[in-house]
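Student: Those protein sequence lines, which keep their order, are chains C and V. Under numbering that gives the first Met the number 0, the first residue of the first sequence is numbered 0, with each subsequent residue one higher. Under numbering that gives the first Met the number 0, the first residue of the second sequence is numbered 0, with each subsequent residue one higher.
If you are wondering where the hints come from, they were derived from the structure by calculation, not from laboratory data. Among these hints, one or two may not hold up.
Stated by the list, open to error - Taking lysine to any residue and the SDA-like style, the derived pairs with C-alpha atoms no more than 20 Å apart in a straight line are:
(1) C:Lys86 x V:Phe22
(2) V:Lys71 x C:Arg90
(3) V:Lys42 x C:Asn101
(4) V:Lys10 x C:Glu33
(5) V:Lys11 x C:Thr7
(6) C:Lys86 x C:Ala70
(7) V:Lys11 x C:Arg21
(8) V:Lys10 x C:Glu44
(9) V:Lys10 x C:Tyr98
(10) V:Lys71 x V:Glu47
(11) C:Lys66 x V:Ser30
(12) V:Lys11 x C:Glu33
(13) V:Lys10 x C:Gln8
(14) V:Lys54 x C:Ala41
(15) V:Lys23 x C:Ala70
(16) V:Lys11 x V:Lys42
(17) C:Lys86 x V:Lys71
(18) V:Lys10 x C:Glu105
(19) C:Lys12 x C:Glu28
(20) V:Lys42 x C:Gln100
(21) V:Lys54 x C:Gly27
(22) V:Lys26 x C:His74
(23) V:Lys42 x C:Lys76
(24) V:Lys11 x C:His74
(25) V:Lys23 x C:His74
(26) V:Lys11 x C:Gln37
(27) C:Lys116 x C:Gln100
(28) V:Lys42 x C:Arg90
(29) C:Lys76 x V:Gly31
(30) V:Lys11 x C:Ser81
(31) C:Lys66 x V:Lys71
(32) V:Lys11 x C:Ala13
(33) V:Lys71 x C:Gly27
(34) C:Lys86 x V:Thr27
Stated by the list, open to error - Every beta carbon over 10 Å from chain V, so not counted as near; a handful from chain C, in silico:
(35) Val2
(36) Leu9
(37) Arg73
(38) His74
(39) Ala75
(40) Lys116
Where is the CB? At the ideal position from N, CA and C, for every residue including glycine.
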Amino acid sequence: MSVDKDETQLRLKAAVHYTVGRLCQRMGEVHRREFSRQVLAAIAETAFRQCGQFKHILTFSPDIFAKDLEAFARHAKRSTVSSEDVKLVARRSTALSIYIQNKSEELNQEQRDLKKKNAGKRKSRDTEERAENKDKTKAGL
Amino acid sequence: MADKDAEIGFKKETVSKLLSSSFKEDKTRLSGDAALLMAELLKVFVQEAAVRSQKQAESEDCDQVDIEHFEKILPQLVRSSKMGF
Chain C
0 MSVDKDETQL RLKAAVHYTV GRLCQRMGEV HRREFSRQVL AAIAETAFRQ
50 CGQFKHILTF SPDIFAKDLE AFARHAKRST VSSEDVKLVA RRSTALSIYI
100 QNKSEELNQE QRDLKKKNAG KRKSRDTEER AENKDKTKAG L
Chain V
0 MADKDAEIGF KKETVSKLLS SSFKEDKTRL SGDAALLMAE LLKVFVQEAA
50 VRSQKQAESE DCDQVDIEHF EKILPQLVRS SKMGF
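If we strip away everything but chain V, and leave its shape as in the complex, we get (with noise of 0.2 Å):
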């Protein structure tokens, strides 16, 4: 399963650019590796949001998830991510 993972991610020009786009400076740039490592934030950021939709989702007896699951579970993602998980 950590193989499969590893195939789908976010592209690192993509996080470049975002992040770029979002820079006060224009001198600011993203180094190569810290673009990989803003992809796997973002990446993790994403899996933890899903998963816990899911959970919601399963709590309630839903066979999908929508968006009220999301919406419940998003502050305390928040919440708890300051914290570190």
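Extracted from the complex, chain C is given alone in its bound form (with noise of 0.2 Å):
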């Protein structure tokens, strides 16, 4: 139904629309330097465009993202885009490709920590028994 398709597009243009608007006027506070509300709008539009198609990173060209994301990830014979494809699109800018790096190093790490703090919940007395005896251990030594 090419309606829901109109109206689901509006509606993601006015989110995307929001966080431009949320970080430009962050920035305008830390630079002193605020946007009218024209670039807001021209922004968040080469935004919007930006996540329809992607053949080199933050190019014009609208809907360049997708297609090559779905070109890895298909490549690799899977039918879910991965961090790993989007860490593949992303190294075609240097700069950018580090930042996506670390930011998906951070994440990993992120969901280790929460690994770690749920099993240590858990296992809590193990470790404090284990710990005691390694002192133990190395005191007799």
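Two independent chains are provided; combine them into the complex using the hints.
Tutor: What follows is the structure in structure tokens.
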């Protein structure tokens, strides 16, 4: 149904516009130079188009991101685009790829920490006992 | 400032939907991590566009960033992004 699709696109545009507005407002505060409404709309529109396709990172051609992400996933015989695909796409831009690599590692670290935290709650007693034994052994030596 | 920056960003769901609507095949999905990274990518793009526009406005002694400033920096933003900023 094209009417539903249009409405979804409008809502997505509005969502993008909202976040762009907030990001730019923050930057306006930081650098003491604010943006006209027209500029916000223009940046939002450009950002919106970026999500469609992705030939080169941050190119102005519409609908560039998704195409390449999809191609990478398909090449790896997956139907789910993973963070590895995003990293590959980001690799074309050196500065961006470093940033994305760091972000990706941050995410993995967060997940590992979360797992540790959950495991720790259950095993804390065991760990304490083991640590005590370890100290005893060291003292013995 | 890093903490404040972390608060504002594109929602995972928004980015997922945006990208999903452009995938050619219905079965192609975006993993959670990929969506988060894409949200970061988009945020970086917006911030670059914004700060460059601000610098352009500054160089023209304008107090406010107007559409002309954004239009002037857009070609270079596109060009430099291809080579890695």
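Student: Measure nothing beyond the straight line between the CA atoms of lysine 66 of chain C and lysine 71 of chain V; if it is 20 Å or shorter, mark the hint as holding.
Tutor: Measuring from Cα to Cα gives roughly 28 Å; hence the hint is violated.
Student: Can the restraint linking lysine 42 of chain V and glutamine 100 of chain C be considered satisfied, given a maximum Cα separation of 20 Å?
Tutor: Holds. Lysine 42 of chain V to glutamine 100 of chain C sits at ~15 Å (cutoff 20 Å).
Student: Taking only the CA atoms, is the gap from lysine 26 of chain V to histidine 74 of chain C under or equal to 20 Å?
Tutor: At roughly 14 Å apart (the allowed maximum being 20 Å), histidine 74 of chain C and lysine 26 of chain V satisfy the hint.
Student: If you draw a straight line from the CA of lysine 42 of chain V to the CA of lysine 76 of chain C, is it 20 Å or shorter?
Tutor: violated, 29 Å
Student: Do the alpha carbons of lysine 10 of chain V and glutamate 105 of chain C lie within 20 Å of each other, as the hint requires?
Tutor: holds, 18 Å
Student: Given the hint that lysine 42 of chain V pairs with asparagine 101 of chain C, test it: the Cα-Cα distance must not exceed 20 Å.
Tutor: Since the Cα atoms of lysine 42 of chain V and asparagine 101 of chain C sit roughly 15 Å apart, the hinted pair holds (cutoff 20 Å).
Student: Is the nearest Cβ of chain V still more than 10 Å from the Cβ of alanine 75 of chain C?
Tutor: holds, 12 Å
Student: Would you say histidine 74 of chain C is clear of chain V, with no C-beta pair closer than or equal to 10 Å?
Tutor: holds, 12 Å
Student: Tell me if the straight-line CA distance from lysine 86 of chain C to alanine 70 of chain C falls inside 20 Å.
Tutor: holds, 13 Å
Student: Need the status of pair lysine 86 of chain C, threonine 27 of chain V: alpha-carbon distance at most 20 Å?
Tutor: OK: lysine 86 of chain C and threonine 27 of chain V at ~17 Å, within 20 Å.
Student: Would the pair lysine 54 of chain V and alanine 41 of chain C pass a check requiring their Cα atoms to be no farther apart than 20 Å?
Tutor: Holds - the C-alpha atoms of alanine 41 of chain C and lysine 54 of chain V are around 17 Å apart, at most 20 Å.
Student: Would you check the hint for lysine 23 of chain V and histidine 74 of chain C, treating anything up to 20 Å between C-alpha atoms as holding?
Tutor: holds, 14 Å
This entry does not satisfy hints 2, 4, 12, 17, 19, 23, 24, 26, 27, 31 and 37, going by the numbered hints stated previously.
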